[in-house]
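Undergrad: Listed here are the chains, written in short residue letters.
Protein chains: 2
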Amino acid sequence: MKTLPILCCGPETEPLDPAASETLATRFRALSDPTRVAIVNRLASTEECCVCDLNAAFELSQPTISHHLKVLRDAGLVESSRRGTWAYYRLVPAAVGELRHTLGG
Amino acid sequence: MKTLPILCCGPETEPLDPAASETLATRFRALSDPTRVAIVNRLASTEECCVCDLNAAFELSQPTISHHLKVLRDAGLVESSRRGTWAYYRLVPAAVGELRHTLGG
DNA sequence: TCCTTTCATCGATAGATATCGATATAATAT
DNA sequence: ATATTATATCGATATCTATCGATGAAAGGA
Chain A
1 MKTLPILCCG PETEPLDPAA SETLATRFRA LSDPTRVAIV NRLASTEECC VCDLNAAFEL
61 SQPTISHHLK VLRDAGLVES SRRGTWAYYR LVPAAVGELR HTLGG
Chain B
1001 MKTLPILCCG PETEPLDPAA SETLATRFRA LSDPTRVAIV NRLASTEECC VCDLNAAFEL
1061 SQPTISHHLK VLRDAGLVES SRRGTWAYYR LVPAAVGELR HTLGG
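Line by line, the protein sequences give chains A and B.
Heads up: the first sequence begins at 1 in our numbering, then just goes up one per residue.
Heads up: the second sequence begins at 1001 in our numbering, then just goes up one per residue.
What you were told as hints is all true, and nothing was included just to trick you.
Lysine to any residue pairs mimicking SDA-like chemistry, simulated, CA-CA at most 20 Å apart:
hint: 1; chain 1: B; residue 1: K1070; chain 2: B; residue 2: A1056
hint: 2; chain 1: B; residue 1: K1070; chain 2: B; residue 2: C1050
hint: 3; chain 1: A; residue 1: K70; chain 2: B; residue 2: A1025
hint: 4; chain 1: A; residue 1: K70; chain 2: A; residue 2: R29
hint: 5; chain 1: B; residue 1: K1070; chain 2: B; residue 2: A1025
hint: 6; chain 1: B; residue 1: K1070; chain 2: A; residue 2: S32
hint: 7; chain 1: B; residue 1: K1070; chain 2: B; residue 2: R1090
hint: 8; chain 1: B; residue 1: K1070; chain 2: A; residue 2: R29
hint: 9; chain 1: B; residue 1: K1070; chain 2: B; residue 2: E1048
hint: 10; chain 1: B; residue 1: K1070; chain 2: B; residue 2: D1053
hint: 11; chain 1: B; residue 1: K1070; chain 2: B; residue 2: E1059
hint: 12; chain 1: A; residue 1: K70; chain 2: A; residue 2: V92
hint: 13; chain 1: B; residue 1: K1070; chain 2: A; residue 2: A25
hint: 14; chain 1: A; residue 1: K70; chain 2: B; residue 2: S1032
hint: 15; chain 1: A; residue 1: K70; chain 2: A; residue 2: C52
hint: 16; chain 1: A; residue 1: K70; chain 2: B; residue 2: R1029
hint: 17; chain 1: A; residue 1: K70; chain 2: A; residue 2: W86
hint: 18; chain 1: B; residue 1: K1070; chain 2: B; residue 2: P1093
In case anyone wonders, no lab produced these hints; they're calculated from the structure.
Please take these sequences and the hints and turn them into a complete structure.
TA: Structure follows, in structure tokens:
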């Protein structure tokens, strides 16, 4: 994904490609909620994490945590797998890295 | 700001400090809109940029661009100064750098 | 089979946000 | 002074989002 190219800011300069802007905004939007920031923070410190532990860690209802996980999943920032009754979530390092790169990393 | 510490994900692990989560989420929320991503992208490629050029670059009304600039200003990601009739905006590199650092830079 | 547990989805609702036209403000020019 | 131009703010509205309780789906245990 090409981002932050070297351009000159003037009236005739084309804005960043709308599709790219949209994709990036969606990724950042996934991190625009404090609960989701905290979830990502947790996942960043471990291999994977059971949903049941996330439910226990936040003072929010189980459907609300499930909703936040879906937002993160749809943004591609996390992925999940089921093993038996439990679902395990983990970060997608490449997606996080792309965001970091967008910010000039 | 301490972020992404090395923790073990378990039922007893404390979530990230709520205040820190809130601050980070606010910064990311400022980048959660495609127009604002494109504005930041523009500012990243130049010293500073006149609002009049931003108004010309996007197919949005002048109040809408002004609104987006306010969101970015309130998040600390950009700053502005007036010279005569015109207002000039520029990035705050430190703020962008903090976000990058949060993502593991 | 029936019950329990885990997680996702649905439906509803209160609050946030993006957008615009209208208006205010402030500087400059005539 | 009046007009013009650039930017910010206000008020309204349509859409989006976070949250919850209720329900569904799928697995395991008694």
